[in-house]
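Based on the sequences and whatever the hints tell you, model everything.
Chains as they are written, first to last, in full-length UniProt numbering: chain B, 1 to 495; chain A, 1 to 250; chain V, 1 to 448.
Rather than coming from a laboratory, the hints here were simulated on the basis of the structure. A couple of the hints might just be wrong.
Claimed, not checked - Using 30 Å as the maximum straight-line C-alpha spacing, the simulated DSSO-like pairs for lysine-lysine come out as follows:
{"id": "1", "chain 1": "A", "residue 1": "LYS139", "chain 2": "B", "residue 2": "LYS484"}
{"id": "2", "chain 1": "B", "residue 1": "LYS76", "chain 2": "V", "residue 2": "LYS409"}
{"id": "3", "chain 1": "B", "residue 1": "LYS395", "chain 2": "V", "residue 2": "LYS57"}
{"id": "4", "chain 1": "B", "residue 1": "LYS472", "chain 2": "A", "residue 2": "LYS122"}
{"id": "5", "chain 1": "V", "residue 1": "LYS57", "chain 2": "B", "residue 2": "LYS360"}
{"id": "6", "chain 1": "V", "residue 1": "LYS409", "chain 2": "B", "residue 2": "LYS369"}
{"id": "7", "chain 1": "A", "residue 1": "LYS14", "chain 2": "V", "residue 2": "LYS384"}
{"id": "8", "chain 1": "V", "residue 1": "LYS384", "chain 2": "B", "residue 2": "LYS76"}
{"id": "9", "chain 1": "V", "residue 1": "LYS57", "chain 2": "B", "residue 2": "LYS468"}
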Amino acid sequence: MSGTQETVDQVRAVTEQSYKYGFTTDIEADLAPKGLNEDIVRFISAKKEEPEWLLEWRLKAFRAWQAMEEPRYWAKLSYPPIDYQDAHYYAAPKTSNRPKSLDEVDPELLRTYEKLGIPLREQEILAGVEGTETKMPAIAVDAVFDSVSVATTFKAKLEEMGIIFCSISEAVREHPDLVRQYLGTVVPYTDNFYATLNCAVFTDGSFVYVPKGVRCPMELSTYFRINQANTGQFERTLIIADEGAYVSYLEGCTAPKRDENQLHAAVVELVALDNATIKYSTVQNWYPGNEDGVGGIYNFVTKRGACRGVNSKISWTQVETGSAITWKYPSCILQGDNSVGEFYSVAITNNRQQADTGTKMIHIGKNTKSTIVSKGISAGRSNNTYRGLVKILPKADGARNHTQCDSLLIGDQCGAHTVPYIESRNRSARVEHEATTAKISEDQLFYCRQRGLDPEDAVSLIVNGFCKEVLKELPMEFAVEAQKLVGISLEGSVG
Amino acid sequence: MLEIKNLHATVDGKEILKGIDLTIGSGEVHAIMGPNGSGKSTLSYVLAGREGYEVTEGSVTYNGMDLLTLEPEERAAEGVFLAFQYPVEIPGVANTTFLKYALNAMRKRRGEPELDALQFLKLIREKTKALNMSDDMLKRAVNVGFSGGEKKRNETLQMAVLQPRFAILDETDSGLDIDALRIVADGVNALRGADRSMLVITHYQRLLEYIVPDRVHVLAHGRIQRSGGKELALELEEKGYREFGVDEAA
Amino acid sequence: MSTPTPIRGATPQTALPYTEQFERLKAGLPGSGLDWVDALREGGASAFAVNGFPTVKNEAWRYTNLRPLEKVVFEPAEPRSDAPGFDVLPTVRAAGTSATRLVFVDGRFRHDLSSAAGLPNGVEVAGLADRLAGDPDWIAGRLGRLVDVDANPLAALNTAFLGDGAVLRIGRGVEVAEPIELVYVTLGREDRATVFHPRTLIVAEPMSRAVVVEHHVGYGSGVTLANHVVEVDVAEGATLHHYKVQRESGTAFHLSHGAVRIGKDACYDSFILTVGARLSRNEVRAELAGTGGTCRLNGAYMVRGQQHVDTSTFIDHAQPHCGSREVYKGAIDDSARAVFQGKILVRRGAQKTDGHQLNRALLLSDTAEIDSKPELEIYADDVKCSHGATAGELADEQLFYLRARGIPKDEARGLLIGAFLAEAIEEIPEDTVRENFQALVAGWLAAR
Ligand SMILES: Nc1ncnc2c1ncn2[C@@H]1O[C@H](COP(=O)(O)OP(=O)(O)OP(=O)(O)O)[C@@H](O)[C@H]1O
Ligand SMILES: [Mg+2]
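Right, dumping it as structure tokens:
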């Protein structure tokens, strides 16, 4: 190894490390006792003042979960057994009991979100758009702190258009029929080990309903923050776009630096009816653990969208840079004729991170189309796996899929893996899959440095270029953040 | 400006440069000619600090500094610019983005204020126009899908934007049509000045009619075999490199 | 992930008949009494007893269900001297050239049908049973060396019963110009299901070169299971071209496990053409065990009716500076189903690896099915690896173009399917073999 190794070492020395969201908020919390049993499930349901049917549903899930085995044999992940009894399944800031307005929210919490760069004060945000043409803020935020939603901005404004945007707990209280009609219909409570666990103990998350023919005028966004030690976060998101509706939804996440691993097992369900479009973007930046692999979030997430209606479209874009372990396959069930599924993914692993992520595109309806673009970047001693299923069922005449998977390796101690599953039972369907693996070339690196860029910037630039196809799918505000994140998450790895 | 003394360099353990001596004064333009494989590009990589090119003996002094101890990006900030013989493609990174990064990185390193988007755009428009390049090429990814000539023009654009103090042009004329050659040469000549020097590597006397050199050197077998005025280039064009122990075919 | 988790405890129900057969027959198998042979067989038998037949829960078998095979108890095929049903043995050679051809009927070597004319010095070809009876020393330590019976239940079963098959030794530096042909004929019996476990050992010693062609043909309508294991050692600097065509009958099960080791600067070039059998699986595990090695695994398949064809390859880049290339193409008609699993592993340190894989499937009917799982597992950064996979039908534009030039629809389809498969077959550098395989493709197309 020539100078490359030097660069790697040199840069490694500079780090330890810039996870800038690693602070904790000192706030008194309302905590369920450690452990997981039916009483805890009842406790959570009671805290949320849930109707009987939901408690029953949770209990059914809990019983199903007890009979399930953790899926360990197929994903390319290794981690010690998780003790599901050694965690709190409910944690809420004490003062957060359903504040009526932001004034009632603990100022300490508001400061936390300020520090994270998440604006929660409507007046201030509105002041910022005063002079603009639309006078419309670009983004509305639901802020979830540990197990509860602490604030949702621009609710009233959205309500004027008939759009419901609130925490799922609130939706259960205020819009029980909608919740009951759709909850668990995309990801059934028996779906998989982690999703089933989520059904039993989910605490909060966001709910969106966009009525017929309405185009949601701003980005809806949830910001998840795990603060409390020894807790899991089990959020649940449900988004419904009624006929002809359009919504773009963003999700961001961070957690403090802690030495122990914390479990995050979310479920996201999307439903798109006739001619509806849902765009779901994630920038996942949970604490990844330190460079020796101590600590970090275990991120076991089930995300699935059902394109129920004709001409409906669900588009997933994810930038996965955080978490010690990522297990995540945002999927599309393309039921409606002419429906479209998209999956754009950047997954970056560094140090000891492990990611096994990808998608499933299930083509059921005629002329359904799916596009998969996956960019995996592995550095340090990490392992990064793309795992994707494209399944064409017999009735999916004229279905189309195109998949492009590219992996980039930085350093010779990491792994990059591609595991596509392609199953076609319709001859008129056309499925194409391409995958490549390469490294950042010395030529590119030297070229950039000759033009004055230092190695870190050079790598960040080249990797951003490599991810371009995916990053351009993100809404503007997010794209800039994500680009920076790409650079930051590779710090200490480059060569 | 630049003083190279007894420079020896190896690549993959093979000695390519076998004792180069070369002094380039401020404001001077020197040309290097020589047969394929004689070490011209190797010399330019060594000067720019490419990894894998190991200096085993000798020294390079640049404006009083020991150039060889500097990282490539530090050399760049000191004004060393290499127009690559084979410019590198960087997929997904727009040409403008790249240029902006490069320019601001250097300005920062020199303690100069970074240019904002507007200032930068103005600068780059002006330079592009001078080089007769289309705006379209600015939006495209760095060198990706560029023709040979377009790549060379792009190198010249970067040079015009970055305003180096010491520029090495490694066969920047190869692949250019006559008009482009003149445009590029004009660009280079515009940079000439009392405080700028250049090392022009070429196979063709043609270029030296546009960029008139102060000195011409013949590099063969890893050494400067002969130096002279601009008439040496003409002589070489006529006689080839046989005098230096190189077959016509080589 | 492809390693099955052995389920400890009782022998699976469906494995029991075979463990019983083993106990009953082992004393009479060729070479029985030789310690190393007995140990090898016992190892295979116990590994099979633990794992039984692989199920679809095993990631390596997720698309091929052996249930239809498990439902039948196959009896070991008995020796026979007849050869009813065929009079012309398949060959890739031109008429009149001298033949090196070993013929096996229901897994047993047949002197009467075989010949070894025109072999240069330094090349040995023999039946495995003869070798075990006469001169077992050279194969001791070679046989079974490349096969991991714990991870491959069917190879374990083969190992338990190994008795006959082919042994080829290409001596150091020897180049064999004419192809060496191995003809496996399946006759079976009408009154019961029969199984045989041929074992083939090919050793290409350093700097040697040879072409080996396997023909698998079947006659009759008996239910049969040919459970092959082929071990191939291509030593330093050697080149082995290894081609196979499988044309068993529609009642046959054909399973084959190939274990290949490719030495330094050696080249293994293979092609598998699958036309026959009700259910077939070709598994190839090739290890690039020395620097500078080359591995080429290519193939084509054409299936119709209820046929199931499975191609599962694994290329293990264990050393730097190796290249691998894989092109598989297939045409699937009627209710047939094809499975392609191709994995490329690049181990840590295997820098400068160049690995490329392509698999493309043509679905010719509404009920045809393809399941494809190409896979890259990479632990070195300075590598170039890629794979591509497509599934679909013939392109309408092409079909229309041909018809617009006056070619009738069916003929046009045939032409295009032929052209599609030809892209794979052109990977075969040996003229005679390539032409022969092209003719087989044409025959299949004509029978549509
Ligand atoms: N990585 C390497 N390993 C071994 N030899 C190398 C390597 N890189 C360059 N060389 C050799 O070094 C010698 C000088 O190469 P160089 O590129 O400097 O020649 P040049 O004078 O620029 O030629 P040209 O006129 O063709 O551009 C050549 O013989 C080349 O093959
Ligand atoms: Mg050169």
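Here's how the hints hold up against the structure:
1. Our distance criterion of 30 Å between C-alpha atoms is met by A:LYS139 and B:LYS484, whose separation comes to about 21 Å.
2. For a cut-off of 30 Å, the pair hint linking B:LYS76 to V:LYS409 is broken: about 48 Å separates their Cα positions.
3. Taking the CA atoms of B:LYS395 and V:LYS57, the gap is near 27 Å; set against the 30 Å cutoff, the hint holds.
4. Note on B:LYS472 and A:LYS122: the hinted pairing holds, with a Cα-Cα distance of about 25 Å set against a maximum of 30 Å.
5. Distance restraint check for V:LYS57 and B:LYS360: the Cα-Cα separation of roughly 19 Å lies within the 30 Å cut-off, and the hinted pair is therefore satisfied.
6. Of the pairs offered as hints, the one joining V:LYS409 and B:LYS369 holds, with about 29 Å between alpha carbons and a cut-off of 30 Å not exceeded.
7. Between A:LYS14 and V:LYS384 the alpha-carbon distance is near 26 Å, which keeps this suggested pair within the 30 Å criterion.
8. Of the pairs offered as hints, the one joining V:LYS384 and B:LYS76 holds, with about 22 Å between alpha carbons and a cut-off of 30 Å not exceeded.
9. Proposed proximity of V:LYS57 and B:LYS468 is contradicted: the alpha carbons are some 38 Å apart, above 30 Å.
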